[in-house]
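Novice: Protein chains in written order, with my numbering: chain A, 1 to 177; chain B, 178 to 627; chain C, 628 to 949.
Some hints here could point you the wrong way.
Example chain A residues on the side facing chain C (calculated, C-beta under 8 Å, incomplete) [as the list claims (entries may be wrong)]:
id	residue
1	V49
2	Q62
3	I64
4	Y67
5	E68
6	T71
7	F72
With a Cα cut of at most 30 Å, we get these calculated BS3-like pairs of lysine-lysine [as the list claims (entries may be wrong)]:
id	chain 1	residue 1	chain 2	residue 2
8	C	K690	C	K723
9	B	K224	C	K694
10	A	K30	B	K361
Calculated directly from the structure, the hints in this document are not laboratory data. Virtual Cβ for every residue (Gly too), placed ideally from N, Cα, C.
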Amino acid sequence: MENNQRIELPQHLLDEVQRVISLFPEGKQKSALLRVLHIAQAHFGWLSVDVMDYVARLLHIQPIEVYEVATFYSMYDTQQVGKVKLEVCRTGPCMIEGAENIVNYIEKKLGIKDGETTADGIFTLKTVECLGACGYAPMLQAGEKFHEHLTEEKVDALIEAYRSNPVANYMGENQNG
Amino acid sequence: MARKLLLNNVHIEGIHNYDVYRKNGGYAAVEKALKTMSPEDVVEEVKKSGLRGRGGAGFPTGMKWSFLAKPEGVPRHLLCNADESEPGTFKDRYLMEKIPHLLIEGMILSSFALGANQSYIYIRGEYMFVLRIVEKAIAEAYANGWLGKNILGTGYDLDLSIMPGAGAYICGEETALIESLEGKRGNPRMKPPFPAIQGLWQRPTVVNNVETITAVVPIVNEGGDEYAKIGIGRSTGTKLISASGNVNKPGVYEIELGLSVEEFIYSDQYLGGMKNGKRLKACVPGGSSVPILPHYLVCKTANGEDRLMSYESLADGGFQTGSMLGSGGFIVFDEDQCIVRNTWNFARFYHHESCGQCSPCREGTGWMEKVLHRLEEGHGTIADIDLLWDIQRKIEGNTICPLGDAAAWPVAAAIRHFREEFEWHVNQPKESQIRNYGLVADKSFQTENA
Amino acid sequence: MSEQIQKFTITIDGKSIQVDPGTTILNAARMIGGEVVPPAMCYYSSLKGSGGKCRTCLVEVSKGSEKDPRPMPKLVASCSTSVMDGMEVKNKSSEKVIDARKGVVEFLLINHPLDCPVCDQAGECHLQDLAFEHGVGQSRYEFERRTFDKVDLGEYIKLHMTRCILCYRCVYTANQLTDNREHGILKRGDAAEISTFIEKNLSNDFIGNVIDVCPVGALTDKTFRFRSRVWYTKPMDASCSCDKCNGNAVLWMIGDEIARVTARKDQYGEVKEFICNDCRFNKKEKSQWNIEGPRKISRHSVISANHYEREIPKHTVLLNKA
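Using the sequences provided together with the hints, build the complete structure.
Specialist: Right, here's the structure in full:
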């Protein structure tokens, strides 16, 4: 169990949360929920109950309202995941361009199955549905980045790159600009 | 030479930056509209243009705008649907990534026309990198006086921001999008009331697709009549097509509506023909939810007329022999592709994306996926094919939102046109695991290859 | 304003009635009563926002209104579609409706455990009634059914999620009867479930009402679980003075013992006056209640079995003995 004391966003992210809230009319701060959950997930790595309760307090809403949303949308992780999520699209157009081979290749290379995390805690492999890159298939998403026209060589290269610098899940902090 | 209205400047270096965009005629439409036109004038031009919703349904935009309730003292909102998630569709991403200011300009024009002072772009969460591009462009637009208070000294105020989803196809449905933007689960609402009466925070709301909103820019610049001259019949203007599958040049293309499907697939200006010299087997012309067409109905209609890239021509023959333009997600399958496998794949998608609110969709999509998987794996029976038909029939039209239809149509069309391939999976279970069925056994095809 | 409100005329399966504008087709049908009333598994008249989800109440609108007589292209949810003047609706007289409803029943049952023999709700279960009246005898579903572990939602309420049909009534109940909702719908699609997420005890004074609004045996009363089949109990109208609720309830008696307390439900199974947890779970002594008399139970209900109002013909008795 994580210590409640430690669940707090740093000031610059709290400022960002306030900025997002200010984009909505007064009293409509719940509208900021999806974006604030993205910020929280990027910072804490995943959405533990403590993190979700913290978000509920930030937005003055009930915790259940956060749980309902966090479990509805597929991008949120309510279980711990690796530092870099490799999300391989497997829907129609990607499938006919060989998405399954890419998944098999990554499974073999990292020694994990779909949904699992490597023992060093760096990579989680996940198959996902259409990410809107059908013309550039096959593809995977790591953090905010789309890697398209995948080949085994490209997969090798990107896994090497993330292994030495596993920051792909961090959104909004390290990737601005 | 085909005209381009949205992507005409896309090749210009740095066009995503404000300065470059402005230098190339950007924001001229905003100047024109805010200084010389009334909101009603803008609506009128959009009506004259014949512009139809580019997200999939093809509803006339001007008419949609005219439904917006305008009660005294109640703010109203324009929401841009950038939740592009229909498999096969990636055009809005391309637009926003390459020319974000075009969307912002369209948002200003459309918000002005609707009398909205606070507008939002709702973008799918997976496009976070696109969100950052658009957000930067929004900041530039504020800095240069195109957003905020008293734009161009005209007294018109507009605040614009962009918000992410978090992985839910259903949020492309407009009431689910509204729910999501209110910070809730993406459960579609019961209609009526329609968003035009009670939308975001129960206020009158219009939701338009990215491409629809950007199309307002050339409509204001050149006039609705000029826009309506492009295209064919009630399919006016240009349309972005996202092409994928077994073609030489997949990607995003802006076409004039009315282009022949044959030219689109085979000419070098567009898709450059089938990859590796393979033959065309089938095509899903408008995103995964629209009916799949077998090769003999792709370039020609059942009457033998040329099939055109237009709302009407792609729908010619109804669901018996036609399909839909939909979102313009054009997926091409060659002779090596397995229709059963692809149908199962799409069924899995809809099962994954069902919100679970209403019973036919919640239970039916998963059931279809399971039966299709069994067929694909060679464990199905002929009765399974009829069962599938019956399940899709009981989902279609009986759900709260169109996701049920979207899940049912691809299954129905695949059985309608490729039943023999399904039966082959049942009758040749071992063989079906080793090789694919090949081309559909169309009579005309059989004779020419006899 | 003394202006008389104009009434709308609606005809359902050939029977007409005049209703106030804004009335839904379902409620108009209930005013007519009898066979024209579509079944409803998620709509609950006292819960704002409920309805539209289960699709059992779909009807065919064969004439939109006097002004615009075109039929509606799709079947509509009668619980959330307002009546128009001159509207004509087909319920049981529509083949399309019968067919669609069969489909909905089958959909609702494919992941239902069909554990009626051990389910406390049996005998007063709306899904049982629905399947009996509108379903077909056999399911074509051959895959593994979705299951969940049983969960205690505190001292008094058992959640058996496997039986849930996701009508959302209990969520609306918590929203509208309690200050801070603690349970909700998690996940999505056919993985969606009712949960607190953190195995929290539901403790609000009125939360016990989720048991009464539940159309199936997903939420049951732990003080009554497995004590008796409901048709072996005798329902009695009773009241008590209570400072939290109005104290109007039904006592389900086994002999002299109060086995269970519920709120009073109308002929559509709906509670109009919700009761508090105290009355429901803690007042199990006859002395705490003023018993008004036997509760009238519809003859079609299995609960009325063994509660005869008329003399029983002799051959029936013989058959029962055999």
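Novice: Decide, hint by hint, whether the structure agrees.
Specialist: Results of checking the hints against the structure:
Because the closest C-beta pair between V49 of chain A and chain C is about 6 Å apart, less than 8 Å, the hint holds. Because the beta carbon of Q62 of chain A sits about 6 Å from the nearest beta carbon in chain C, less than 8 Å, this interface hint is met. Interface restraint check: I64 of chain A against chain C, minimum CB-CB distance 5 Å, threshold 8 Å, status holds. Taken as an interface hint, Y67 of chain A checks out: its beta carbon lies about 4 Å from the nearest beta carbon of chain C, inside 8 Å.
Restraint check, E68 of chain A versus chain C: the minimum CB separation of about 4 Å is within 8 Å; hint holds. Taking 8 Å as the C-beta contact cut-off toward chain C, the hint placing T71 of chain A at the interface holds, the least distance being around 4 Å. Look at F72 of chain A: its Cβ gets to within about 5 Å of chain C, closer than 8 Å, so that hint holds up. This hinted pair checks out: K690 of chain C and K723 of chain C have alpha carbons roughly 15 Å apart, not beyond 30 Å.
Distance check on the hinted pair: K224 of chain B and K694 of chain C sit about 27 Å apart at the alpha-carbon level, within 30 Å; holds. About 8 Å separates the Cα atoms of K30 of chain A and K361 of chain B, which keeps this hinted pair within 30 Å; it holds.
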